[in-house]
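Student: Taken in sequence, the protein lines are chains A and B. Note that the numbering used here has the first sequence beginning at 1, numbered continuously upward. Note that the numbering used here has the second sequence beginning at 306, numbered continuously upward.
Rather than coming from a laboratory, the hints here were simulated on the basis of the structure. Please note: incorrect hints may appear among the correct ones.
[Stated by the list, open to error] Listed next, the stretches of chain A that the computed footprint assigns to chain B, with coverage defined by at least 3 CB atoms under 8 Å from CB atoms of chain B:
(1) 154-167
(2) 246-259
[Stated by the list, open to error] Restricting the straight-line Cα-Cα distance to at most 20 Å, the calculated cross-link-like pairs of lysine to any residue (SDA-like) are:
(3) A:Lys-64 with B:Gln-660
(4) B:Lys-408 with A:Val-81
(5) B:Lys-408 with A:Ile-65
(6) B:Lys-696 with B:Lys-564
(7) B:Lys-696 with A:Ile-65
(8) B:Lys-696 with A:Ala-21
(9) B:Lys-432 with B:Gln-660
(10) B:Lys-564 with A:Asp-271
(11) B:Lys-386 with A:Val-28
[Unchecked claim] If you want a taste of the chain A side facing chain B, the calculated C-beta under 7 Å gives, among others:
(12) Gly-60
(13) Ile-194
(14) Val-198
(15) Tyr-199
(16) Glu-200
(17) Val-272
All C-beta atoms in this analysis are idealised placements derived from N, C-alpha and C, irrespective of residue type, glycine included.
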Amino acid sequence: MRTIATRLRPGKRGAATVGGARLREALVGYAFVLLPMAVFGVFFLYPIGYAIYISFFDWGIYGKIASVGTHNYHYLFHDHVFGLALKNTLFFTFTVVPIQMALGLAMAIVVNQKIRGRAFFRSAFYFPSLTSSAAITAIAIFILNADGLLNKIVGGHTPWFENESTALWSIVGLISWTTSGTMMLFYLAALQSIPTDVYEAAAIDNTGTWRTFWKITFPLLKPAHFFVAVVSVIGAMKVFDQAFIVSHGTGGPNNSTMTMVLYLYRTAIYDVHFGRAAAMGVLLLVIIMAFTLIQRIAFGRPEVQ
Amino acid sequence: MRTSLGVLLALAVAAAALAAGASAGHRVAKVTTVTLTGWASSPAETASLQDTIAAFEKAYPAIKVNYSPINGDYATSMIAKFAARTPPDVFYVDSSVFPDWAKQGALLPLDGYVKKTHFNTTAFYPKLLNAFRYQGHLYGFPKDWSSLGIEVNSAMMAKAGITSAPKTWADLNADATKLNNTNAVPGGKPVCLSADWARLGAFVFQNGGSFLNATKTAATWNTPQVAGAVNYYLSYIQRGLAATPAQLGVGWCGEALGKQKAAIIMEGPWVQPYMSSTFPDVGYKVYPMVSKGPTKGFGNWAFTVSYSIGRDSPHKNQAWTLLSYLTGPKGMKVWTSKGVAMSSRSDVKPLPSQQPFALAAPYSHPWQFAPGFHTVTDQAGNELQAVFDGKESVATMLQNIQSLATTALHGG
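So that you can see chain A by itself, here it is in the shape it has in the complex:
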């Protein structure tokens, strides 16, 4: 990046020419981002803005019914099920994210070694992330059935997804497994960008493996931690498909698998309260943005490499 910039920067010419070149450079840059920004605007910014607009209305199948001000938000603050959905989603996020990050990092370190069958392990660990979540969930339902494979192994009869106290944990386990492959990929890329000379220096100083990991690898992965944590939290807050499939769309048993997005979906489709559903979407957006900000503060400014 720096080399290109240096080449483009004019030498000892007049100030006006410098400005002109800068402007042209900027215009070329903007031209390059114009198309992606247009797509971003049409498919992300506009719908977000429109959702905020809808959230202040009683909104039905055919659009606006009545303006209700902040009533939709008021309703949600007093809605027992929304409270449960929020609680479930936060619980899910706070359990899945650490597991995903730890698993992803561990797998990345394993497949970053020069071990036999490295390519196989890389593909094997990443494979669940590639498979359709619906298909994997359908298979998980069979495995976690009352007379499924897991119960045959542990010798129990727990219907994992139909039991109020185990349903959400089962989804936590399922998603941790399926998505940690993606986290592994992010960590692997970061691991490979750590310069080898720091490890050589550590080796000369006779530093142990464990110490090398905690004192060198882990701190140097800071930008990756930030990125993985943000991606993982956003993904976890938006959990829907697995909860939808295991509960047949009900969020049951007894709302134990009711997540925010599932409740949003049910409110929109079954109760035909699009305004209220939009308000939920806006709250979800605010929560995710708040989490991202907190993470950014916690991890500090990601260093420019």
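For this one, chain A is given, so just place chain B on it according to the hints.
Tutor: Then chain B, alone, in the frame of chain A:
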């Protein structure tokens, strides 16, 4: 040379024939294609519907029916179609979603067509027809319906020395006790009861209770009648005479009957194809639903689905022709003749095997509440489960549901 001449001649003849065919086609009235959408429960049901459609197309050559069922989440697909203003012409509407779709204006009022074509509505069972009335207007006609009956394991009943059907609450109680005392259901319980308002509700009606008042303006969940029915139902579980499907290790009570883990269950006609295909060796009998007393206290659920027309249907007149045929005496006869569904018209008689369920027609209440009630019925189900698990009292449950229902009635 000769071959190419022959080919040329053949082509000319073919072209002439095509032209003749086309002009002949023009002389016949223009054919309109109407779309028909629903969900497909079983291949047998699809076959019966296709028979009915074939009979319709034969009777009305100017209308062609494009039947395209939706697999998967029906409500989601339909709401997207409504919002895009491209609904199918004729489609299924379940009684439970009907209030929402009618309130939103997605369905076409049919009163004008009924009047114009002198469509006879008196043959429909009034309670079923009323399920598709919203604010005084009709938005659909019931295509069929089902209710709950009593299904019993013949051998187990014989073992307990029971020779006749349980007719009243007292009979049911006596039979369950006998089955229990004679250990007629080894490894199971005499009765299978679901923690489900779609079953328990029948007892609420038998006990004189209801969930909403007649005008659907107030919730009547928290009343002594509802409490009495819940306590009666629950007492079977508490006294060890009944168990839930989960406690019996099955998915639903039909499976409990099939796996001989219960002698008495209360399910609808859907048990019959399930038993004959999955458990053909288990002997069972079907009886009408019990009532509170021998001459009064009748009540049941009516699970019904309508044929309705989309507000934005491009072929409303033809759609009405199809709808009135499908729900009329001729269509209804073809549709129900193979036993996949029960007639919603009193002039098309049920099959003998459907008789125990059809008897409930005069006192069955549609499985339907009010607009925006899905969340309420979900929560009502959760509360009932909590009561079954002993985590909550009946009084608290009824209070909670009553307040949720009241909020929903006031538009949330």
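Student: Going through the earlier hints one by one, which of them does the structure break, listed in rising order?
Tutor: 3, 4, 6, 7, 8, 10, 11, 13, 14, 15, 16
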